Amino acid sequence: MESVLIKTHGLTKRYGSVSVVKGLDLEVKSGEIFGFLGPNGAGKTTTIKMLTGLLDPSEGEALICNYDISKQPAQAKSLMAYVPDQPKLYGKLSAREFLHLISALYRVPKDVVKERAEQLLNLFGLQERADELLEGYSHSMRQKVVLASALIHQPKVILLDEPTVGLDPGSARLLKDVLQEMARQGAAVFVSTHILEIAERMCHRVGILKDGLLIAQGSPEELRQKVGREGESLEDIFLELTGSHENAELIKSLEEG
Amino acid sequence: MKILLPPPLESPPQEQSFWQNFILLLRNQLQVSWNKLRHRPARALIGMGGLLIGVIAIVVSLGIYAYGSLRTLSPDTVQGFLSMLFMVGLGGQIFFGITGAFVALYMSDDLELLFMAPVPIKAVFAVKSVVIIGSNFLTAVLFAFLPGLFYGLLFQAGASFYILVLLVGLGLWAMGTAIAELINLLVMRVIPPHRSKEAIGFIGALGGIIIALSFQLPNMLMNSRNKFDLGSWLEQQKQMLSVMKFFPWGWGSSALVAGVSQNFLGGLGWSLLILLVGVLLFLIAFNLVEKGFRRGFISLSQGERGKRRKAQTEERGVKLQKAPSLAMLKQDVAAPASPWLGMWAVAKKDLLSMKRDTREWFGYLVPLIIMLFFIGQFLFSSVKTSHSTLMTVLIMYTIMFSGNMALQSFGREGESDWLLNSVPLAGWPVVWGKLLAAILPTLVLMEVLLVGTALAIGVSKTLIVALAVGAVFLSLGSSSIGLFYSINNCRYNPDTPQQRIAPGASLFMYLINLFFILLLAVGLTYLFLPSELVSALRDLPAVTYKGGLLSGLIYGIYLLSRPLLWSTAWRVFLGVIVTGGIWAAMFFGFMAATVRQSRKGFRVEIIAGRKKRSR
Numbered sequence: 001m002e003s004v005l006i007k008t009h010g011l012t013k014r015y016g017s018v019s020v021v022k023g024l025d026l027e028v029k030s031g032e033i034f035g036f037l038g039p040n041g042a043g044k045t046t047t048i049k050m051l052t053g054l055l056d057p058s059e060g061e062a063l064i065c066n067y068d069i070s071k072q073p074a075q076a077k078s079l080m081a082y083v084p085d086q087p088k089l090y091g092k093l094s095a096r097e098f099l100h101l102i103s104a105l106y107r108v109p110k111d112v113v114k115e116r117a118e119q120l121l122n123l124f125g126l127q128e129r130a131d132e133l134l135e136g137y138s139h140s141m142r143q144k145v146v147l148a149s150a151l152i153h154q155p156k157v158i159l160l161d162e163p164t165v166g167l168d169p170g171s172a173r174l175l176k177d178v179l180q181e182m183a184r185q186g187a188a189v190f191v192s193t194h195i196l197e198i199a200e201r202m203c204h205r206v207g208i209l210k211d212g213l214l215i216a217q218g219s220p221e222e223l224r225q226k227v228g229r230e231g232e233s234l235e236d237i238f239l240e241l242t243g244s245h246e247n248a249e250l251i252k253s254l255e256e257g
Numbered sequence: 001m002k003i004l005l006p007p008p009l010e011s012p013p014q015e016q017s018f019w020q021n022f023i024l025l026l027r028n029q030l031q032v033s034w035n036k037l038r039h040r041p042a043r044a045l046i047g048m049g050g051l052l053i054g055v056i057a058i059v060v061s062l063g064i065y066a067y068g069s070l071r072t073l074s075p076d077t078v079q080g081f082l083s084m085l086f087m088v089g090l091g092g093q094i095f096f097g098i099t100g101a102f103v104a105l106y107m108s109d110d111l112e113l114l115f116m117a118p119v120p121i122k123a124v125f126a127v128k129s130v131v132i133i134g135s136n137f138l139t140a141v142l143f144a145f146l147p148g149l150f151y152g153l154l155f156q157a158g159a160s161f162y163i164l165v166l167l168v169g170l171g172l173w174a175m176g177t178a179i180a181e182l183i184n185l186l187v188m189r190v191i192p193p194h195r196s197k198e199a200i201g202f203i204g205a206l207g208g209i210i211i212a213l214s215f216q217l218p219n220m221l222m223n224s225r226n227k228f229d230l231g232s233w234l235e236q237q238k239q240m241l242s243v244m245k246f247f248p249w250g251w252g253s254s255a256l257v258a259g260v261s262q263n264f265l266g267g268l269g270w271s272l273l274i275l276l277v278g279v280l281l282f283l284i285a286f287n288l289v290e291k292g293f294r295r296g297f298i299s300l301s302q303g304e305r306g307k308r309r310k311a312q313t314e315e316r317g318v319k320l321q322k323a324p325s326l327a328m329l330k331q332d333v334a335a336p337a338s339p340w341l342g343m344w345a346v347a348k349k350d351l352l353s354m355k356r357d358t359r360e361w362f363g364y365l366v367p368l369i370i371m372l373f374f375i376g377q378f379l380f381s382s383v384k385t386s387h388s389t390l391m392t393v394l395i396m397y398t399i400m401f402s403g404n405m406a407l408q409s410f411g412r413e414g415e416s417d418w419l420l421n422s423v424p425l426a427g428w429p430v431v432w433g434k435l436l437a438a439i440l441p442t443l444v445l446m447e448v449l450l451v452g453t454a455l456a457i458g459v460s461k462t463l464i465v466a467l468a469v470g471a472v473f474l475s476l477g478s479s480s481i482g483l484f485y486s487i488n489n490c491r492y493n494p495d496t497p498q499q500r501i502a503p504g505a506s507l508f509m510y511l512i513n514l515f516f517i518l519l520l521a522v523g524l525t526y527l528f529l530p531s532e533l534v535s536a537l538r539d540l541p542a543v544t545y546k547g548g549l550l551s552g553l554i555y556g557i558y559l560l561s562r563p564l565l566w567s568t569a570w571r572v573f574l575g576v577i578v579t580g581g582i583w584a585a586m587f588f589g590f591m592a593a594t595v596r597q598s599r600k601g602f603r604v605e606i607i608a609g610r611k612k613r614s615r
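Top line first, the protein sequences correspond to chains E and Z.
For the first sequence, full-length UniProt numbering gives the first residue as 1, with consecutive numbering after it.
For the second sequence, full-length UniProt numbering gives the first residue as 1, with consecutive numbering after it.
Don't read these hints as lab results, they were simulated from the structure.
No experiment lies behind these values; they were computed from the predicted model shown.
One or more of the hints may lead you astray.
Stated by the list, open to error - When the alpha-carbon atoms are kept at most 27 Å apart in a straight line, the in silico DSSO-like pairs for lysine-lysine are as follows:
#, chain 1, residue 1, chain 2, residue 2
1, E, K92, E, K226
2, E, K92, E, K22
3, E, K29, E, K226
4, E, K88, Z, K546
5, E, K92, E, K71
6, Z, K291, E, K114
7, Z, K36, E, K92
8, Z, K36, E, K114
9, Z, K36, E, K176
10, E, K71, Z, K36
11, E, K88, E, K114
12, E, K88, E, K110
13, E, K88, Z, K122
14, E, K110, Z, K291
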């Protein structure tokens, strides 16, 4: 049975009198990859931070595996993983040490930690440099370390903020395969991205956020029907819904003239 | 590739106790600290060792001096002295504790990661508090534990006395750290997140000045041994010292005095009181910090480049936004503007960067402090120096300071070096822009200092004008040398953005500047005739070249000295030619070389930790 693993109800974040996220209602089910789209400043990162418990919502609630992130944070967090867009890691730890730390924090049994850490290091091609300090790693290698650490405790829910930024095509493909495998095994994957092509190919459903409001959600096909543009790409639908199509038409007219 | 992943968890794992989480996080913190120490370059460790030896030497010398004076004093005065030491120590702990707390909490990179983990936030802050307490360790040892230890040794106290020393020390340590954490809570609210690195630079620089001044204390005490008697000074301050009994630092000294006077129970009462207050304050601070983060008084979102202010600005800006238009892309190409505008743009960019980054200001604070030190010595020291010596020192410093400020110029580009390399301004607009930005603030500061000092010590008006004009030329000359070394040896360390030059290049720049001063001195000697030298020259026998390097050198100096005996008109004429020629050759020569390098392109070497990052 498909169960709802991420659920928000009236989720709102205000800074002073400015509302950054306005009454967000969404659901992500087990086995689903949900693409969270929106222009810059739409409130995507704020939403993810509320879902992960890094920010307290001004109103509403967020449930992870039926645990309220504000009231039962330890239970919710232990079933969830978060991959931020700018991975801040301990520069003075090696990749291997970092994976062992995360395993301990997420209470992974000691007898499986070593084997699983080696498997993940191998999967992301980090084994050769696993004992080097993270401060010497490039952005894409740090991103891979964060991804490995996000998988080590078998999360039921994974939230990713712009995960493909800085990754080479091979690594981006690997990430896509990993996320699809996770979904196949019943996890809920929540991806915030700007790359609409990835969203179109990978996500089962997408949600479009504009000025803090969820203006549309559904599968790419459902969205096409909604705007009445059958056969068009998700990019066109996104531009249509976020009101950026004027720009696209202007560019087109410039190209022609 | 076949991806094998274990299936997701169905239920949360069993929870761990607070203690288990605390130990886990503490072990991680220790691992990070150990790795930091292990990967430090050997020269940094040697430097730290040297600094430690210096600190121990100062503590021992001050200890011997202070406790030697205490033998003859009344118990009340000794108690007051101990109170004073504890008070200074508490002040030091608050100062360094604020820095420690700021770094451990506000500038911490791992809070987001730890807040995401299924560990109680209390355990995270408990470990952070341990880190902050650790940052106060040295201050607590120097000003809370050692005074008590020395005091016990001085009065040959029994073993039980040292229990009181331990309790008082721990109490003062907890109290200092707690007050620092509480003040830091306000600091974190006041300082916007994007200026946090500047704030820490400011506190660090202030700490550096305090430490540098404290390193002068033994020297000052040795110089004024006959004038300053600590014992009699303390006797005069009896009333002020007695007031200290009402404050926690006074309780600490009361405990130790009671302990030494065989009143252990009395001492125990005082020391338990101070420990209790310390622990209580610490618990209050810990809870407030934890609640501050949890309830949003200090939120993680504040660490994201001032989101609150940005959000408000956006709302205000909504009404002003126009519909996007790409019509400008269709406009005709405008004729290029004058390169002078480009030069000014480069200068303005650097000046704004200097204005907006408070860390840049410390570069200008150092000469102010050094000059104040010289002027202070001139006005108050028993060893009198002449006006000319003081002015020579100031001129020398003007030259070195100008060179040093110019040395920072190209490193300031940091990771944005691609910009000045890619715009069509390479060559003189960039280099003259950099020169202008380097020299303007330097010149204003140096002119004010030179002229101000000259007026303060009563130098003639003619000399003041000569100094003011001379400083402009000297600054330009040495800045051009600095710029040349800057463009060829610039580097950037994101962690310590002030380090913008390779140390070897910095040394070379100083040597070339000294050579520049030496050459200028020849021309200036022709202009301003030193009468003592002339009378000595008249008595010298004629020198001839007899072959060999040494003879050649002596003959060369002899020839250089001959114009000093010429008639005034010829001598001044030659002086103007030599001084102007040397200045022009150095200034335009180094500027031309810098312009050539700018046209070839320059690269800022990025230093990350101990590794050099190539791009």
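message: For each hint given before, does the structure comply? Return the numbers of the non-compliant ones in rising order.
response: 1, 2, 4, 5, 6, 9, 10, 14
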